[in-house]
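Q: Read off the chains here:
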Amino acid sequence: MKQDTPILEAAQVSLRFGGVRALSDVSFAVERGELFSIIGPNGAGKTSMVNCISGRYRPTEGRILFEGRDITGLKPNHRAGLGIGRTFQNLALFGHMTVLDNIMVGRHHLLRNNFLTGMVYWLGGAQREELAHRREVEDIIDFLEIQHIRKAVAGTLPYGLRKRVELARAIALKPKLILLDEPMAGMNLEEKEDMARYIVDLNEEWGMTVIMIEHDMGVVMDISHRVIVLDFGRKIAEGTPDQVLADPLVKRAYLGEADDVPAGSEAETGAVA
Amino acid sequence: MAAIAMTPCGDFRESYRADTTIFPTRLSRAFAIAGIAALCLVPLTGDRYVLSLMIQIGYLGIAALGLNILVGFTGQISIGHAAFFGVGAFASAWFVEHGAPVLAAIPLAGLATTAVGMVFGIPAARLKGLYLAIATLAAQFILEDFFARAQWFTGGVAGRVTLRPSLFGYSFDTDEAYFYVVLAWVALSFLAAANLMRTRDGRALVAVRDHYLSAEIMGINLTYYRTLSFGISSFFAGIGGALYAHYLLFVSVEAFTILFSIQFLGMIIIGGLGSVMGSMMGSAFMVLLPEVVQGFADALAGGMIDRALGLGNAVSFLREMAIGAAIILFLIFEPDGLAHRWRLIKAYWKLYPFAH
Ligand SMILES: Nc1ncnc2c1ncn2[C@@H]1O[C@H](COP(=O)(O)OP(=O)(O)O)[C@@H](O)[C@H]1O
Ligand SMILES: [Mg+2]
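Protein sequence lines, in the order shown, are assigned to chains A and B. This note's numbering numbers the first residue of the first sequence as 1 and each following residue consecutively. This note's numbering numbers the first residue of the second sequence as 1001 and each following residue consecutively.
Be aware that one or more of the hints could be misleading.
[As the list claims (entries may be wrong)] Which residues of chain B face chain A? A partial, calculated answer using Cβ under 7 Å:
1. I1134
2. W1152
3. I1217
4. M1218
5. I1220
[Said to hold, decoys possible] Under the rule of at most 25 Å between Cα atoms (straight-line distance), these lysine to any residue pairs were calculated in the SDA-like manner:
6. K75(A) with T1020(B)
7. K192(A) with H225(A)
8. K151(A) with K1346(B)
9. K151(A) with G1075(B)
10. K174(A) with T1020(B)
11. K1346(B) with A152(A)
12. K1346(B) with H148(A)
13. K1346(B) with K192(A)
14. K75(A) with P6(A)
15. K174(A) with R1017(B)
16. K151(A) with R1343(B)
17. K151(A) with R1017(B)
[As the list claims (entries may be wrong)] Derived CB-CB ranges, DEER-like:
18. E238(A) with I1122(B): 43 to 51 Å
19. N114(A) with A1038(B): 28 to 36 Å
20. T156(A) with I1122(B): 16 to 24 Å
21. G207(A) with L1259(B): 56 to 64 Å
22. P158(A) with L1288(B): 40 to 48 Å
23. D1019(B) with K251(A): 50 to 58 Å
24. T156(A) with T1020(B): 16 to 24 Å
25. L123(A) with E1320(B): 51 to 59 Å
The set of hints was computed from the structure by calculation and includes no laboratory data. In this text, a Cβ means the ideal position worked out from N, Cα and C, and glycines have one as well.
Throw the hints in and build the complete structure from the sequences for me.
A: The following block contains the structure:
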């Protein structure tokens, strides 16, 4: 193992949508095993950054390196196999499938059975393979404590549980790097505490590197190893939670020129910080 | 509550294997086996009329299953399914004409239809919504035109005459015998589809339908699966068409119209989009509805209402209208189709008498 290569590196990434500069020259590196947070006001470009890493967007300039390999132009569906998983800010479950099937879709790139062996279920080894993976998926279900909704249709679940199922599906990919876009948004205090515990366990027990976008500063400061702050598409600070909190630029982005901060984000972030 | 799969008390699953069966309970599995056994007895009743309806339901059901995999499970659309059904019918007749035994020609026709389906499906897999609808509509017209012109393949305006299957000297000449051929294909097709939907690629199809962006993040290649779905759909259309050809023994170039394509869409809407068994229920509904209309017309024949409305002359028109009305009524009142209604009824009886 090349211990010294960062698991993920963003090198001078810029992203433009017509006249909108979503990201300007953003660089950072995430070490293997880190719990790394991206924070910043609404519209700062956090989701855009995660989209560049997961392949949803292609940076206008700059490069994304995963384990030292340039993946800038790689299609999103080829990134699952490399070990990149993610959840979405706005829920993106397969609404008509059961929770179990949702999570099993996460195993897609690990399964070898295809439509032909699937159709002859018992004959071509599909059954054996599906059941073996089902066992592993059950471990994830136990970990996230969603046993009771296994067979529920995902689209009918309440918000907090859906977020949890989405996390389960991302874990099922067996990612080395997991990207969590606002995993606690819209949750009550108790749900947030559970989610924070799951994320720490994922990082410590399951050994996954985590990149998390989160607005709840209390949680971010509590559990992150390192943080970067984006504002208007630029990286304005990087460091440990304490270093970042003390940074004058960060204070200004969050608290200072209030008319620069889109409505809503201040209340959301300021309240807990 | 309806979201949780309901199973009777005391029916606990003790292994993941028991939890992934096609039939959720021992009883439902027993019912399915008993159902197939009962179907095997139908020819013994000697009722030719019932038999011919069941054969039609069978081959149309297989083709509807194919369309349901494309439309119901993958979320694509096709307004050209009848044309692929036609390709299967002509291909099977053509293979037999060139010396293939009928029982081999049927799966060969399925494969040939898949190949034709791919020609249209590979570009179509990159399209969505209205554009895809138009592309499949184009396939419908191109193939219809091809049927009319390709005399070598279809026999042109004369159409093509073909044979009943035979095996080791035994000929499936009678409807009674042919019924078993259709039943075997129905059982195989529906079992294969049910298995597909509980394994990797079946889940991938539904994932593409429900949320293609997250499907991609899960490592699913959208173009591949949209194309695959088109291929599987064409295969079942081809098998259905081939069984149709060897049942009617004559294939006409005029049979595979856009109206027929829309009837296939009607079947899966009525039966239930995204339901394997719903495809068969929809096919049964579509075959039986005109019979019921005809029955009413016959019952009224000569009576006052008949004289007033001239039903006798209008029966064929009435049939078409009943089909159209059924599609619209289902879209409004039962958008999840017969399969969904059936599940609710089952759930009700499982919990009976504690349904409230
Ligand atoms: N697909 C898109 N098309 C156009 N503009 C976009 C798109 N995605 C993001 N943006 C713009 O990029 C900026 C950053 O958005 P985003 O990354 O979602 O911010 P954040 O996640 O930090 O709230 C915003 O101004 C947003 O309007
Ligand atoms: Mg965002």
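Q: Now tell me, hint by hint, if it's right for this structure.
A: We went through each hint and held it up to the structure:
1. Hint on I1134(B) is violated. Least Cβ distance to chain A is approximately 26 Å, over the 7 Å limit.
2. Contact between W1152(B) and chain A, as hinted, is not supported at the beta carbon level, the nearest pair being about 32 Å apart and thus beyond 7 Å.
3. About 6 Å separates the beta-carbon of I1217(B) from the nearest beta-carbon of chain A, less than 7 Å, and the hint is met.
4. Because the beta carbon of M1218(B) sits about 5 Å from the nearest beta carbon in chain A, less than 7 Å, this interface hint is met.
5. At about 6 Å, the closest approach between the beta carbon of I1220(B) and any beta carbon in chain A falls short of 7 Å, and the interface hint on this residue holds.
6. Taking the CA atoms of K75(A) and T1020(B), the gap is about 33 Å. The hint is violated against a cut of 25 Å.
7. For the suggested pair K192(A) and H225(A), the alpha carbons sit about 18 Å apart, so the restraint of at most 25 Å is met.
8. Pair hint K151(A) plus K1346(B) holds up; C-alpha atoms about 17 Å apart against a cutoff of 25 Å.
9. With a C-alpha separation of about 22 Å, the suggested pairing of K151(A) with G1075(B) holds against the 25 Å cut-off.
10. The straight-line distance between the Cα atoms of K174(A) and T1020(B) is roughly 23 Å, inside the 25 Å bound, and the hint therefore holds.
11. Distance restraint check for K1346(B) and A152(A): the Cα-Cα separation of roughly 17 Å lies within the 25 Å cut-off, and the hinted pair is therefore satisfied.
12. At roughly 22 Å between alpha-carbon atoms, K1346(B) and H148(A) fall within 25 Å of each other, so this suggested pair holds.
13. As the CA atoms of K1346(B) and K192(A) are separated by approximately 39 Å, the hinted pair breaks the 25 Å bound.
14. The hinted pair formed by K75(A) and P6(A) meets the criterion: a straight-line CA distance of about 21 Å does not exceed 25 Å.
15. Annotation: proposed proximity of K174(A) to R1017(B) holds, straight-line Cα distance about 23 Å (limit 25 Å).
16. Of the pairs offered as hints, the one joining K151(A) and R1343(B) holds, with about 15 Å between alpha carbons and a cut-off of 25 Å not exceeded.
17. For the hint pairing K151(A) with R1017(B), the CA-to-CA distance comes to about 15 Å; that is within 25 Å, so the pair holds.
18. Restraint check, E238(A) to I1122(B): a C-beta distance of roughly 47 Å satisfies the suggested window 43 to 51 Å.
19. Distance hint for N114(A) and A1038(B): a CB-CB separation of about 34 Å, consistent with the stated range 28 to 36 Å.
20. The hint said 16 to 24 Å for the Cβ distance between T156(A) and I1122(B), and at roughly 36 Å that hint is violated.
21. Hint check: G207(A) to L1259(B), Cβ distance near 60 Å, so the stated range 56 to 64 Å holds.
22. Evaluation of the 40 to 48 Å hint for P158(A) and L1288(B) yields a pass: the beta carbon distance comes to about 42 Å.
23. About 54 Å separates the C-beta atoms of D1019(B) and K251(A), a value consistent with the hinted range of 50 to 58 Å.
24. Between T156(A) and T1020(B), the C-beta spacing of about 21 Å keeps the proposed range 16 to 24 Å intact.
25. Between L123(A) and E1320(B) the CB atoms are about 44 Å apart, so this pair departs from the stated range of 51 to 59 Å.
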